[in-house]
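Trainee: Model the full assembly from the supplied sequences, consistent with the hints where possible.
Protein chains in written order, with this note's numbering: chain A, 388 to 502; chain B, 2 to 114.
Check before you lean on any hint, since a few could be wrong.
Listed next, the in silico DSBU-like pairs over lysine-lysine satisfying Cα-Cα at most 35 Å (straight line) [said to hold, decoys possible]:
#1 K50(B) / K70(B)
#2 K101(B) / K394(A)
#3 K452(A) / K101(B)
#4 K70(B) / K59(B)
#5 K50(B) / K101(B)
#6 K394(A) / K109(B)
#7 K70(B) / K43(B)
#8 K452(A) / K109(B)
#9 K50(B) / K394(A)
#10 K394(A) / K70(B)
#11 K43(B) / K452(A)
#12 K59(B) / K69(B)
#13 K452(A) / K394(A)
#14 K50(B) / K452(A)
#15 K43(B) / K394(A)
#16 K59(B) / K101(B)
#17 K109(B) / K70(B)
From the structure, some residues in chain B lie toward chain A, with a derived Cβ separation under 7 Å [to be verified]:
#18 G44
#19 L45
#20 K50
#21 F104
#22 T106
#23 G107
Hints listed in this document are in silico derivations from the structure and should not be mistaken for laboratory results. Note that the Cβ used here is the ideal one computed from N, Cα and C, for glycine as well.
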Amino acid sequence: SAVISQKPSRDICQRGTSLTIQCQVDSQVTMMFWYRQQPGQSLTLIATANQGSEATYESGFVIDKFPISRPNLTFSTLTVSNMSPEDSSIYLCSVETGVGQETQYFGPGTRLLVL
Amino acid sequence: AQSVTQLDSHVSVSEGTPVLLRCNYSSSYSPSLFWYVQHPNKGLQLLLKYTSAATLVKGINGFEAEFKKSETSFHLTKPSAHMSDAAEYFCVVSDGGYQKVTFGTGTKLQVIP
Numbered sequence: 388s389a390v391i392s393q394k395p396s397r398d399i400c401q402r403g404t405s406l407t408i409q410c411q412v413d414s415q416v417t418m419m420f421w422y423r424q425q426p427g428q429s430l431t432l433i434a435t436a437n438q439g440s441e442a443t444y445e446s447g448f449v450i451d452k453f454p455i456s457r458p459n460l461t462f463s464t465l466t467v468s469n470m471s472p473e474d475s476s477i478y479l480c481s482v483e484t485g486v487g488q489e490t491q492y493f494g495p496g497t498r499l500l501v502l
Numbered sequence: 002a003q004s005v006t007q008l009d010s011h012v013s014v015s016e017g018t019p020v021l022l023r024c025n026y027s028s029s030y031s032p033s034l035f036w037y038v039q040h041p042n043k044g045l046q047l048l049l050k051y052t053s054a055a056t057l058v059k060g061i062n063g064f065e066a067e068f069k070k071s072e073t074s075f076h077l078t079k080p081s082a083h084m085s086d087a088a089e090y091f092c093v094v095s096d097g098g099y100q101k102v103t104f105g106t107g108t109k110l111q112v113i114p
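Mentor: Okay, structure coming up:
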């Protein structure tokens with residue numbers, strides 16, 4: 388398994404601003420993922436972030452809105468840019484701990500409210 | 002393509018009675034299946050996973066799930082509900098050929114004292 392922390396745990400932001408969410412893992416991992424969980428909804432994958440390559444975005448998500456960095460094997464950031472109230476969600480990062488493991492372990496999430 | 006359907010959005014049981022949360026899946030490959038639990042204002046915790054070994058999978062906190070290929074089901078059960086089981090439960094499928102997973106819509110479990 389893996390221990391994952393996220394910062395900030397929650398934030399309230401004004402529309403038009405940007406917020407960067409950090410995800411830190413206690414071990415080196417290849418695969419990191421960013422999800423969005425809108426109020427009362429299930430999880431939707433935003434993108435997959437592998438170290439040393441560009442993030443791969445899912446349909447409906449674009450790099451200009453959700454730029455991702457993955458500078459090393461234990462850290463990643465997700466930026467929510469030019470926010471609107473529709474971006475109010477929980478943002479979660481997750482990791483897979485080994486090749487072929489498939490099991491994903493999740494961080495505690497960042498609760499974002501955009502006014 | 003893969004998909005997962007959680008048949009009940011809400012389930013309510015009395016404390017001490019059995020729990021059944023239903024999940025059906027669709028996958029083009031031999032799937033891996035997972036159940037996660039999310040307590041209020043908490044992250045997701047892995048309860049159990051099936052990855053083509055034994056079809057009856059035991060997880061944490063007394064939960065178990067049975068993989069039934071003929072029924073394309075992976076229902077989650079627990080013999081006796083505890084108040085601390087009140088949470089939202091997500092069934093998840095991975096087709097194994099690609100590491101993307103698909104989440105079900107979730108089932109909120111209410112436990113009545």
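Trainee: Could you run down the list of hints and mark each one as holding or not?
Mentor: Structure-based check of each hint:
no.	hint	verdict
1	K50(B) / K70(B)	holds (15 Å)
2	K101(B) / K394(A)	holds (24 Å)
3	K452(A) / K101(B)	holds (21 Å)
4	K70(B) / K59(B)	holds (17 Å)
5	K50(B) / K101(B)	holds (15 Å)
6	K394(A) / K109(B)	holds (27 Å)
7	K70(B) / K43(B)	holds (32 Å)
8	K452(A) / K109(B)	holds (31 Å)
9	K50(B) / K394(A)	holds (28 Å)
10	K394(A) / K70(B)	violated (41 Å)
11	K43(B) / K452(A)	holds (26 Å)
12	K59(B) / K69(B)	holds (15 Å)
13	K452(A) / K394(A)	holds (19 Å)
14	K50(B) / K452(A)	holds (34 Å)
15	K43(B) / K394(A)	holds (14 Å)
16	K59(B) / K101(B)	holds (24 Å)
17	K109(B) / K70(B)	holds (25 Å)
18	G44	holds (4 Å)
19	L45	holds (4 Å)
20	K50	holds (6 Å)
21	F104	holds (5 Å)
22	T106	holds (5 Å)
23	G107	holds (5 Å)
Violated hints amount to a single one, hint 10; each of the other numbered hints is respected by the structure.
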